[in-house]
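Enquirer: Chains as they are written, first to last, in the working numbering: chain R, 23 to 229; chain B, 80 to 684.
The set of hints was computed from the structure by calculation and includes no laboratory data.
Pairs of lysine-lysine residues, derived as DSS-like cross-links and limited to a Cα-Cα distance of at most 30 Å, are as follows: (1) B:K302 to R:K54; (2) R:K54 to B:K113; (3) B:K125 to R:K54; (4) B:K125 to B:K302; (5) B:K113 to R:K195.
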Amino acid sequence: MLKNILFNRLIEDVMMALTDTPNRSKKIHPHKFLMWMGIGSICMMFAGLTSAYIVKRNQANWEDVQLSPVFMYSTAVIILSSVTMYLSLKAFKARAMQKYKNLISITVVLGLVFAYLQYIGFKGMANHGVLLLGPGSNAAASFLVVIIGLHVLHVLGGVIALLITFFRAFRTKVKSYSPVPIEIVSTYWHFVDILWIYLYIFLYVAR
Amino acid sequence: MSTEIALGAGAGLSTELATEHHEHHEHHQSFITKYVFSTDHKMISKQFLITGIIWAFLGGLMSVLFRLQLGYPDSHFYWLQDVLGKFWVDDGRITPQAYYALVTIHGTVMIFFVLTAGLSGTFANFLIPLQIGARDMASPFMNMLSYWFFLAAGLVMLSSLFVETGPFSGGWVAYAPLSALRDASPGSKSGMDLWLIAMILFVVSSLLGGLNYVATILNMRTKGMSMTRLPLTIWALFFTAVIGILSFPVLFSGFILLIFDRNFGTSFYLSDIFINGVGALPNEGGTAILYQHLFWFLGHPEVYIVLLPAMGMASEIMSINSRKPIFGYMAMIGSLFAICILSFLVWAHHMFVSGLNPFVGSVFVLLTLLIAVPSAIKVFNWLTTLWRGNIRFTPGMLFTIGFVSLFISGGLTGIWLGDSAIDIHLHDTYFVIAHFHLVMGVASMFGMFAGIYHWFPKMYGRYMNNTLAYIHFWITLVGAYLIFWPMHYEGLAGMPRRYYDYSSWESFKQFAELNRFISTVVIITFAAQLLFIFNFFYSIFKGRKVTTKNPWGANTLEWTTPINPGHGNWDGEIPEVHRWAYDYNKDGREFIPQTEPVGADESQH
Chain R
23 MLKNILFNRL
33 IEDVMMALTD
43 TPNRSKKIHP
53 HKFLMWMGIG
63 SICMMFAGLT
73 SAYIVKRNQA
83 NWEDVQLSPV
93 FMYSTAVIIL
103 SSVTMYLSLK
113 AFKARAMQKY
123 KNLISITVVL
133 GLVFAYLQYI
143 GFKGMANHGV
153 LLLGPGSNAA
163 ASFLVVIIGL
173 HVLHVLGGVI
183 ALLITFFRAF
193 RTKVKSYSPV
203 PIEIVSTYWH
213 FVDILWIYLY
223 IFLYVAR
Chain B
80 MSTEIALGAG
90 AGLSTELATE
100 HHEHHEHHQS
110 FITKYVFSTD
120 HKMISKQFLI
130 TGIIWAFLGG
140 LMSVLFRLQL
150 GYPDSHFYWL
160 QDVLGKFWVD
170 DGRITPQAYY
180 ALVTIHGTVM
190 IFFVLTAGLS
200 GTFANFLIPL
210 QIGARDMASP
220 FMNMLSYWFF
230 LAAGLVMLSS
240 LFVETGPFSG
250 GWVAYAPLSA
260 LRDASPGSKS
270 GMDLWLIAMI
280 LFVVSSLLGG
290 LNYVATILNM
300 RTKGMSMTRL
310 PLTIWALFFT
320 AVIGILSFPV
330 LFSGFILLIF
340 DRNFGTSFYL
350 SDIFINGVGA
360 LPNEGGTAIL
370 YQHLFWFLGH
380 PEVYIVLLPA
390 MGMASEIMSI
400 NSRKPIFGYM
410 AMIGSLFAIC
420 ILSFLVWAHH
430 MFVSGLNPFV
440 GSVFVLLTLL
450 IAVPSAIKVF
460 NWLTTLWRGN
470 IRFTPGMLFT
480 IGFVSLFISG
490 GLTGIWLGDS
500 AIDIHLHDTY
510 FVIAHFHLVM
520 GVASMFGMFA
530 GIYHWFPKMY
540 GRYMNNTLAY
550 IHFWITLVGA
560 YLIFWPMHYE
570 GLAGMPRRYY
580 DYSSWESFKQ
590 FAELNRFIST
600 VVIITFAAQL
610 LFIFNFFYSI
620 FKGRKVTTKN
630 PWGANTLEWT
640 TPINPGHGNW
650 DGEIPEVHRW
660 AYDYNKDGRE
670 FIPQTEPVGA
680 DESQH
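Let's have the full structure, built from the sequences with the hints guiding it.
Expert: What follows is the structure in structure tokens.
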């Protein structure tokens with residue numbers, strides 16, 4: 023019964039989207055929409071890499087590479103940063119600007135700590151004799167560098183975006199009350215967080 | 080035509096006032112912000128178009144050069160050596176290295192720079208805001224970035240032509256290990272580095288563009304413009320952008336692994352390789368097939384990225400110039416959607432002979448042949464649109480009909496190649512060359528020509544010269560068939576593609592004269608393209624001026640803007656839309672623009 027109602031609602035929504043005349047007030051902000059599409063295309067890039075990983079794993083010459091335990095700490099750090107991101111958006115909406123600035127600074131620092139921990143993780147693996155790159159390296163290890171490295175780049179991109187919104191909050195000439203830019207950055211930030219959790223579980227299980 | 084002239088008299092007056100007003104409004108714009116770092120979608124589209132034309136000229140010229148080698152393998156062109164230098168032409172003959180570089184760069188440039196950026200970059204930018212009723216794109220700044228990344232990609236690619244070891248020469252697909260090992264060939268050295276940088280810049284450009292196109296179509300339509308009232312051009316550009324957004328990132332990941340193999344000694348694609356003069360390489364356990372999968376996951380959708388905009392524009396131009404509604408509007412959207420889905424499920428048909436499991440191959444055969452269904456729906460709809468139409472043979476219309484013809488001729492051979500058993504014989508022969516040039520290369524070029532001739536009056540406020548256009552059309556159509564039709568026979572006889580010289584093979588010697596014929600036609604057809612280029616640039620400045628807002632008597636919104644629209648497109652309010660775009664010859668009226676409310680006595684539409 024409930025399923026039927028939900029299904030009908032879904033059909034209605036789809037039909038509305040397809041046939042109804044556009045109604046400005048209900049619509050998602052175009053820039054937010056752009057971010058969601060961008061997230062979709064980043065997903066496709068990592069889908070390409072992780073499916074390449076699966077294909078490669080099922081072929082000869084695949085070594086079992088132990089993930090560094092440091093990645094557990096970095097996982098905790100990035101989850102925490104998502105929480106501070108959430109709280110800072112809430113603070114911005116409540117116009118608690120000092121709290122917003124503090125929280126967004128913490129988020130930036132946590133993002134940088136995450137990137138540093140990933141680096142430490144790889145350094146630890148290299149110290150334990152895992153050949154990550156270069157002649158004689160196994161694809162099982164090199165894949166980690168490529169996948170985790172690309173993810174770190176996306177986190178650092180998020181840090182830059184956060185810094186831009188952060189300095190916007192200090193502008194005195196133009197006061198912006200629109201939460202849209204921060205909402206977009208926050209969506210992205212939660213996305214790279216979830217992406218990391220997916221990658222971590224994937225690399226842990228599929229190894 | 081008489082009704083349009085009567086209609087135009089009043090409209091022309093009001094638009095003249097409008098342009099005057101507009102000039103005052105944008106008086107403060109400098110040359111730099113208006114023509115160079117412009118955020119106006121119309122200017123960006125012209126930038127894409129002109130850059131695309133320059134690349135089409137260069138890419139076409141490359142094909143003339145390598146056809147010289149194929150058609151006249153024994154001749155010496157000493158004057159070419161003086162022009163191009165010793166790397167390209169030695170002792171009056173195209174060198175083998177230059178030949179491979181030419182076919183590689185011809186493919187890359189034509190597919191990505193001309194038919195992706197030049198085609199969908201131009202028309203998505205130009206038509207989306209104008210036809211959906213928006214002042215600009217969702218993010219004009221991103222749109223500008225998209226062009227500048229494209230230009231940068233082009234400049235890097237261009238620079239690779241001038242490095243000492245020459246541009247990349249391993250084929251446009253850039254298969255590993257040729258692309259992954261510097262020592263594999265001269266072109267794999269810095270030429271390949273530049274190729275990769277150019278392609279990565281290009282991927283960024285097309286993602287920035289594609290995200291914008293989709294966001295604009297879904298979010299910025301004017302009042303009353305529901306999705307099912309959109310012109311088919313917009314639907315086609317929409318699906319094109321969606322395909323690009325989903326497939327280019329996968330190519331990107333393939334390139335990243337390639338970069339690691341090239342520069343950081345990893346073994347994703349490399350295993351057990353011995354190079355003459357270098358020795359055995361340490362790389363173990365990689366698989367070159369992995370690259371093929373990642374490449375063709377983009378590579379196949381890419382042909383639809385190239386083709387769909389042409390399909391959309393053909394539908395629109397055909398309906399306008401047949402003075403009839405498009406036949407099967409919903410079926411057209413449905414078939415575009417079906418093609419969009421199927422395009423992601425057929426990539427392995429490029430790999431039937433790569434050692435692919437025959438069972439997997441048979442699944443891909445089935446999915447590949449399924450594409451015939453939406454393709455046939457589209458073809459029949461075009462033919463039924465023409466059927467008993469009141470056809471006006473404008474240059475745009477001629478190229479549209481030519482497009483349908485080429486799409487049928489090239490599409491039918493797709494059924495041969497899509498069958499894995501026949502493909503064992505036909506793969507990597509001239510049959511493949513003939514197939515994809517007709518169905519996607521020349522057909523999409525025809526779509527692009529049709530679009531340029533048709534929308535030129537909106538772009539520049541002037542017409543292109545019709546006589547030159549007709550000459551251009553007939554030479555190009557006849558030339559395309561004369562070039563590619565004989566290649567089917569060569570391919571059936573087993574003649575492989577990409578070879579430098581066929582004269583040492585007993586089996587292929589018989590084609591020497593045929594090859595010379597093809598090469599001669601190539602030169603003539605290329606010369607006809609110069610007519611087009613002359614016509615295009617001459618008409619920008621000296622063409623006959625457009626005096627009415629709606630010279631073709633079309634229904635869509637772009638023809639309600641002033642003759643030379645400013646940034647923002649409409650002077651006053653954006654018009655509201657009341658009907659679909661295809662009310663031609665309805666209730667005894669030749670055309671009813673989308674902006675006209677549905678009358679009480681109107682029959683159902």
